[in-house]
Amino acid sequence: NAGVTQTPKFRVLKTGQSMTLLCAQDMNHEYMYWYRQDPGMGLRLIHYSVGEGTTAKGEVPDGYNVSRLKKQNFLLGLESAAPSQTSVYFCASSYSFGQSYEQYFGPGTRLTVT
Amino acid sequence: GESVGLHLPTLSVQEGDNSIINCAYSNSASDYFIWYKQESGKGPQFIIDIRSNMDKRQGQRVTVLLNKTVKHLSLQIAATQPGDSAVYFCAERGAGGTSYGKLTFGQGTILTVHP
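Chains D and U are the protein sequences, given in the same order.
70 is the number that my numbering gives to position 70 of the first sequence; each next residue is one higher, with no gaps.
107 is the number that my numbering gives to position 107 of the second sequence; each next residue is one higher, with no gaps.
Each hint should be verified, as a subset may be incorrect.
Listed below are the simulated SDA-like cross-link pairs for lysine to any residue, each with C-alpha atoms no more than 25 Å apart in a straight line [said to hold, decoys possible]:
no.	chain 1	residue 1	chain 2	residue 2
1	U	Lys71	D	Arg44
2	U	Lys68	U	Ala24
3	U	Lys37	D	Glu102
4	D	Lys9	D	Asn28
5	U	Lys71	U	Asp55
6	U	Lys42	D	Leu22
7	U	Lys68	U	Phe46
8	D	Lys57	U	Asn27
9	U	Lys42	D	Arg44
10	U	Lys42	U	Pro115
11	U	Lys68	U	Asn22
12	U	Lys42	D	Asn1
13	U	Lys42	D	Gly3
14	U	Lys37	D	His29
15	D	Lys14	D	Arg44
16	U	Lys37	D	Tyr31
17	U	Lys42	D	Pro107
18	D	Lys57	D	Leu13
19	D	Lys70	D	Ser18
20	U	Lys71	D	Gly40
The set of hints was computed from the structure by calculation and includes no laboratory data.
Values in this document were obtained by computation on a predicted structure and should not be read as measured data.
This is chain U alone, in the form it adopts within the complex (with noise of 0.2 Å):
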């Protein structure tokens, strides 16, 4: 999986699997996460986000997972589709009143979803 800080993983599935896209965070203090998608091309778009005193929260589709114990969050599509294909971002915001909203983004992963 992805970790805020190391190489570019790829997923590969098949329409209509469910995708399962890790990330792996160090900052404990962090107290907002948050997944974007990015189509070749574009700026990445929000998916969903999630605060630290939850541990799910449920969109259209996605899922995600926070477990603060191993610091790990999780990002999960259900019925992948083709127009899914994209790398996907997780971002995490440090506690602390000056952050500013500053987020540290992860490296991405690359998800393909072959029809």
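Bound-form chain D, shown alone (with noise of 0.2 Å):
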């Protein structure tokens, strides 16, 4: 049982070059998120998954496409990568039902753009 994986681990784009990382969950979870965490600050919501084949927008999706595919699946695209996109950026999966709402976390993807 692997729980939340990433990849890459590591990325540099010059600015303008297109990128998708993907992430992958095998614990049958409904919902996917895509986070973004900044120095200094807590983790913002990119996009979520509350499904196959949808997705929706979280507090900060501008410069950012996802698909959700498979169940298991969540990828998070770049077209036009930026220098404000630098970031390390988190995947988390949850269940849809039960008392936790605990979401499981991947190791995450180091991005930089020049």
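Got two chains here, each in a separate frame; can you build the complex from them with the hints?
What follows is the structure, given as structure tokens:
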């Protein structure tokens, strides 16, 4: 049981380049989330998904797109990277029912845009 | 203490002391609160959670206290160890059927434990 995994772990992009971050979970969770974390700040929600084939905007969605074609995967895309998108990106997943709203986090992807 | 919205505070303690990390929240309708620990270079890890119908919950060496009157949450760590050194985040879930488990995170408190 690997939990939540993210690839790649590190990436350096030039301004204007594109890339896709992959998140995978093996816990059969319905809900998945993408966050960014900047120095001295908490986690800010970019996009989330409440099930296969559905996505929705979070707090800071501009400049990002997402897709959830399979229940276990949640992809985050940057179409034209900007230096302001330099950050650490975390994916998380959670159950859609039960007493806890605990989100399980991946190890993060450190992205630098030059 | 930390607020869901302010600068990053720090707390330094000696090994063996008890630590108290505070968090203020702004949404009086929030119905669920959670504490995470984040070590350097890693993703956040669950510590303990509490629902708004409780005012205290205990885990192994940790206790969370919720004061809804003043919208304040605290995490108490007993007999703090060097391995407890990390950034601690509180998060809240807004009430409502369309929240989809979304959490709003505070900006974290850096805990440093000195041997």
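Hints and how they fare:
For the proposed pair Lys71 of chain U and Arg44 of chain D, the alpha carbon gap of about 21 Å is at most 25 Å, so the pair holds. A distance of roughly 10 Å separates the Cα atoms of Lys68 of chain U and Ala24 of chain U; the hinted pair therefore holds under the 25 Å criterion. Among the hinted pairs, Lys37 of chain U with Glu102 of chain D is consistent with the structure: their alpha-carbon atoms are about 13 Å apart, no more than 25 Å. Using a Cα cut-off of 25 Å, the hinted pair Lys9 of chain D and Asn28 of chain D holds, with the two alpha carbons roughly 23 Å apart.
Under the criterion of a C-alpha separation no larger than 25 Å, the hint pairing Lys71 of chain U with Asp55 of chain U is consistent with the structure, at around 11 Å. The suggested pairing of Lys42 of chain U with Leu22 of chain D holds, with an alpha-carbon distance near 17 Å, which does not exceed 25 Å. Between Lys68 of chain U and Phe46 of chain U the alpha-carbon distance is near 22 Å, which keeps this suggested pair within the 25 Å criterion. A distance of roughly 20 Å separates the Cα atoms of Lys57 of chain D and Asn27 of chain U; the hinted pair therefore holds under the 25 Å criterion.
The suggested pairing of Lys42 of chain U with Arg44 of chain D holds, with an alpha-carbon distance near 16 Å, which does not exceed 25 Å. A C-alpha spacing of about 23 Å is found between Lys42 of chain U and Pro115 of chain U, which places the hinted pair at or below 25 Å, so the restraint holds. With a C-alpha separation of about 13 Å, the suggested pair Lys68 of chain U and Asn22 of chain U falls inside the 25 Å cut-off, and the hint holds. Restraint check for Lys42 of chain U and Asn1 of chain D: the C-alpha separation of about 18 Å stays at or below 25 Å, so the hint holds.
For a cut-off of 25 Å, the pair hint linking Lys42 of chain U to Gly3 of chain D stands: about 14 Å separates their Cα positions. The hinted pair formed by Lys37 of chain U and His29 of chain D meets the criterion: a straight-line CA distance of about 22 Å does not exceed 25 Å. For a cut-off of 25 Å, the pair hint linking Lys14 of chain D to Arg44 of chain D stands: about 23 Å separates their Cα positions. With a C-alpha separation of about 21 Å, the suggested pair Lys37 of chain U and Tyr31 of chain D falls inside the 25 Å cut-off, and the hint holds.
Pair hint Lys42 of chain U plus Pro107 of chain D holds up; C-alpha atoms about 5 Å apart against a cutoff of 25 Å. For the suggested pair Lys57 of chain D and Leu13 of chain D, the alpha carbons sit about 24 Å apart, so the restraint of at most 25 Å is met. Pair hint Lys70 of chain D plus Ser18 of chain D holds up; C-alpha atoms about 22 Å apart against a cutoff of 25 Å. About 23 Å separates the Cα atoms of Lys71 of chain U and Gly40 of chain D, which keeps this hinted pair within 25 Å; it holds.
The structure agrees with every numbered hint stated previously.
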